[in-house]
Structure formats: C-alpha cells, structure tokens
Amino acid sequence: MRMTKILAMAALVGLAASAAWAQKTTEEGIAEYRAMLQDGNPAELFEAKGEDLWKKPRGPKNASLEKCDLGKGAGVVKGAFVELPRYFPDTKRVQDLESRLLTCMETLQGFNAAEIANTPFGKGEQANLEGLVAWISSESRGMKFNLPQSRTEEKTMYEVGKRLFFARAGTHDFACASCHGTDNKRIRLQDLPNLTKPSGAASGFGSWPAYRVSSGELWGMQRRLNDCYRQQRFPYPRFGSDATIALAVYMGVTGKGGESVAPAIKR
Amino acid sequence: MGDPMRIRAQVAGANAVVRVLMAHEMESGQRKDSAGKMIPAWHIQDVTATLNGKTVMTAEWGPAVSKNPFLQFTVKGAKAGDKIGISWKDTKGDSRTDEATVS
Amino acid sequence: MQTRRETLHRSAVVASLLAATGLFPQFAWAYNNTAFDAKSVPDVLKALGAGAPVASKDVMIEGPDIAENGAVVPVGASTTLAGPKQILILVEKNPSTLAAVFHVNDSIEPNFKTRVKMGQTSDVYVVAVMADGRALFAKKEIKVTLGGCGG
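Residue numbers (this note's numbering), protein chains in the order written: chain A, 1113 to 1379; chain B, 142 to 244; chain C, 831 to 981.
I should point out that these hints are in silico values taken from the structure, not numbers from a laboratory. One thing to keep in mind: the hints can contain errors.
A short, non-exhaustive set of chain A residues, derived as facing chain C with CB atoms under 8 Å [as the list claims (entries may be wrong)]:
id	residue
1	T1138
2	G1141
3	K1190
4	V1325
Result set (DSS-like, lysine-lysine): computed pairs, CA atoms no more than 25 Å apart in a straight line [stated by the list, open to error]:
id	chain 1	residue 1	chain 2	residue 2
5	B	K195	A	K1235
6	A	K1297	C	K969
7	C	K969	B	K178
8	C	K923	B	K195
9	C	K869	B	K233
10	C	K869	B	K173
11	C	K923	C	K969
Cβ coordinates follow ideal geometry from the N, Cα and C atoms, glycine included.
All chains should be modelled from the sequences, with the hints used to inform the complete structure.
Right, dumping it as structure tokens:
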C-alpha cells in the first residue's frame, strides 16, 4: 500500500519535471519562430504606403504632410517617433503620434479630424494612418526613447498615466498592472512585458506599431491600447484621448534609453 | 492592380538573392464572415520572376500561402545593376508587376 | 456547329488528358486545379503526374518546430539534387494539401522560402519532382498553436 503511494509520488514528480522541460522547449520554439519572421516583415508594405502618403498632396486643401511638425520641426521625421508623446505649443496639448497626425491632416490637408477619430480601425483614413505610423516609426528604428519631460504638461501626463496604469476598474477589477505590473507573467503563450520597469517598458512600448500575423493587420499604439481596454472589459477609449496619451507617456518615459524596434512583427 | 510589392535583390557571390513581399489578401475560402457566409477564395495563383526581361522563375500558389506573401529565391548569374521583375496574377484575374535593381 | 463554349470545353478536356499523360510537362495547363484541390499527399503527386514519393536526404525542409500562429508559418524548401523540375510544398492536414509549386530551371537555385497557412499541427512536406517524374521528399512536423489574448 505504502509502495504504491511512493510510486505514485515518483510518477507525479516525473510528470511535472518532464512538463517543465517541455515548457522550456516550447518557449525556445516560439522564440525561434519569431526570429524566422523578422526578415521580410509585411509591415514594410505599410511603410512604403506611409512614405507615399506623407509626400502626396491630399485632402480638401490638396496639400502633403511634408510641413507637419512631429515635435522636431516641420517636416522632420527622423527621430520624431522616439520623442513622442510630447507637448505641442500650437495645440497646447501633449500629443502622441496618431493624434498629432490628425492635427496635421486637419490643419494642412483640410481633413476632419473628429471624423477620422470616429472611423473604425482599418477603414478609410484610419487605414492611411496605419501606413503613416508604420513609416514614421521605421524612421526611428534603432534609436533610443527620449521623451521630453521638461514641461509641466508633460510631467503631469506622466503622473496621470501612472495612476491610470494602476487603477483597478471595470467588471473584472482589472488594471493594466494586472497583466503588465510584474515580471514573468504570461497569457497562454504570450509573454507579458513588465511595463513598470525600463527594459519591459522599452520592449513593450517600442514594439508598436506592429504587424500582427494572426490578422494580417498593422496596429498602432492607439489600437493596441483600445484592445487592452477591451480585454480589461473597460469602455472603449476615444481615439487620441488624453487617457491613452497619458498611458503612452508613462510607458515611454519608463522605457527611456531603450531602443525602438517599431514597426515590429507580432503573433 | 493591387498595392506595390517590396522587392530587395542583393548580390551574393555569383548570384542574387531576391526577397519579395507582396500585398495581397490571400483569402483562403475557408473563412466565414460575421453573417456566417463563406468568404470566397481570392488569392495569387501565378508568380513569375524575370532577370533583365527574361523569365527565370514561375510558380503556382494555392490559397494556403499566407496573406501578404513573402518569397525568397536565388537567381544565378545576376550582378549589380541587373533588373529583377516580379509579376503575380490572382483568381480574380487581377495582376501586378514590380521591378527592382540588383544591388 | 460547335459553339465557342463547346470548343473551349473540348480543348480543356483534351489538354488535361494530355497533361495526365505527361506529354506536356509543367506548361500544359498553367494552373493545375486538380493538384490544388487534392486532399492528400499521394493525390497531389498523382495530379501532377509524379510518382510515389520517396524520402531523400538530398531534399531539405526548413521550418520552426512550433508556430505561434498557423496563419504565417515560414517554410524553406530546397534540394541538392541536380535537375529537379519542380519543388513543392505540401501541408498534409490542410483542406487543400498543396500549398505551392515552384518550377525550377538552370536560371535559379532549387531553393525557396515562403510562408504558408496551417490549419492545425501537421506534417509539412517539401517534394522535389524530377524530369522523369520521380518524387523525393523531406518532411517535418510543425506544431501549430494559437497564442493567447495579448501581443
């Protein structure tokens, strides 16, 4: 009787050990799969579109976006992505890349920013935004995140973002921190970066926009945050809302010094 | 005519390695839309590659090739300055040709 | 008097019969619907006029052990054999087994990389079809898993 108990224990230990070993191999397998997709990221197709859209005269005013100021001066694209979100004196707001593009599309090209904000992701001008963010972010690839925090508005947004990150709400009492607040968390096979630490924030924040192979879509940070809200069972945030920008400031500042790899490739 | 392809052709010894990203939905015909109806198949069927105008590769693809297809192959005897042309034709009869120079 | 439709139909039938005999190798009917509709490895090869597949160390398949998402699985197909006429990629358990056919000639290396969709964990085959119809293959099981909610 005792013998069977010991044997049963041994069997259980054996099973657990082999499961653990298989787990490590799976992680390595996934890492290998991801590495194999790096060359030839379909995001490049969106980048090509975006570069075109930046230079093409469009909209009611038939103008290009080449005079758009993304924070480093009118028309300066290189290095702009790693310094966003930041404060803009003309709009008196801290803006992220996508809301800033809406500003430029309205003032320079005559588009209706509110209309674009209300357009579903991937449709109409939202589809064009995907190309633009893919290209603009690619122009900062390999550069280090260095969001400005010199103005009161920028510092405030950081604090707001931090509060929002940890605020528990919704039907499930979730917060961003529920999934992204500690090390070594995982949902099924997805490793969840710890966004409260510099390396996690840099890799999490720095890998969006990204091409998602599961849907063949290019997701910007606005869409990524929108989906995070959905997963937490929160009401959807408005496109380019202060809440989303504040969260981006929190992540970007926490990830200071980290390298941007956007646009990345994701599951 | 679909969206432009991204073609990179780089010299590797006496050959050129060509990498292509094509913009195409590659709908398998296996999926259902939100109303429950089957989305009809729509995918690239024929792919052709040329070197300085001469056909060097042809391929046939089924619906199982991934969306926004990636293709890599090696052309023999290609050198810097040569022109690589890639064409595709899909199930709707739509087609596209793009060119790149070997660097 | 034959209508145009009838003529086209007749020539289609004749051409496919000729293709089946192997008299016109890969150019008989540019897109081989029968092959792409086939639901097993043997049926695909039969539709292409190739022989029964034989495992060969001279045919190589490159691919991940596990794919995070079956929508995009990178596969490399190559052979060191001289004079292959076609390189095929097959996913055994897919609704249509044949994913791609690459025609080989002197101008290119018999070495291709692409990405395929996999409906589920399955053996993936790379087949080299020789001029005489012999089919040599390499295969690899690629596990497919759908990832979680993130990423």
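Hints, verified against the model:
Annotation: interface hint on T1138(A) holds; nearest CB of chain C at approximately 6 Å, less than 8 Å. The interface hint given for G1141(A) is met, as the beta carbon of that residue sits about 4 Å from the closest beta carbon of chain C, less than 8 Å. Because the smallest distance between the Cβ of K1190(A) and any Cβ of chain C comes to about 28 Å, over 8 Å, the interface hint for this residue is violated. Hint status for V1325(A): holds, given a least beta-carbon distance of 4 Å to chain C, under 8 Å.
Between K195(B) and K1235(A), the direct Cα distance comes to roughly 40 Å. Violation of the 25 Å bound is thereby established for this hinted pair. In summary, the hint linking K1297(A) to K969(C) is not supported, as the alpha carbons are separated by about 35 Å, beyond the 25 Å threshold. With a CA separation close to 35 Å, the supplied pair K969(C) and K178(B) exceeds the 25 Å bound. For the given pair, K923(C) sits about 37 Å from K195(B) by alpha-carbon distance, which is inconsistent with the 25 Å threshold.
The suggested pairing of K869(C) with K233(B) holds, with an alpha-carbon distance near 23 Å, which does not exceed 25 Å. Among the hinted pairs, K869(C) with K173(B) is consistent with the structure: their alpha-carbon atoms are about 21 Å apart, no more than 25 Å. With a CA separation close to 13 Å, the supplied pair K923(C) and K969(C) stays within the 25 Å bound.
Consistency note: the structure conflicts with the earlier hints numbered 3, 5, 6, 7, 8.
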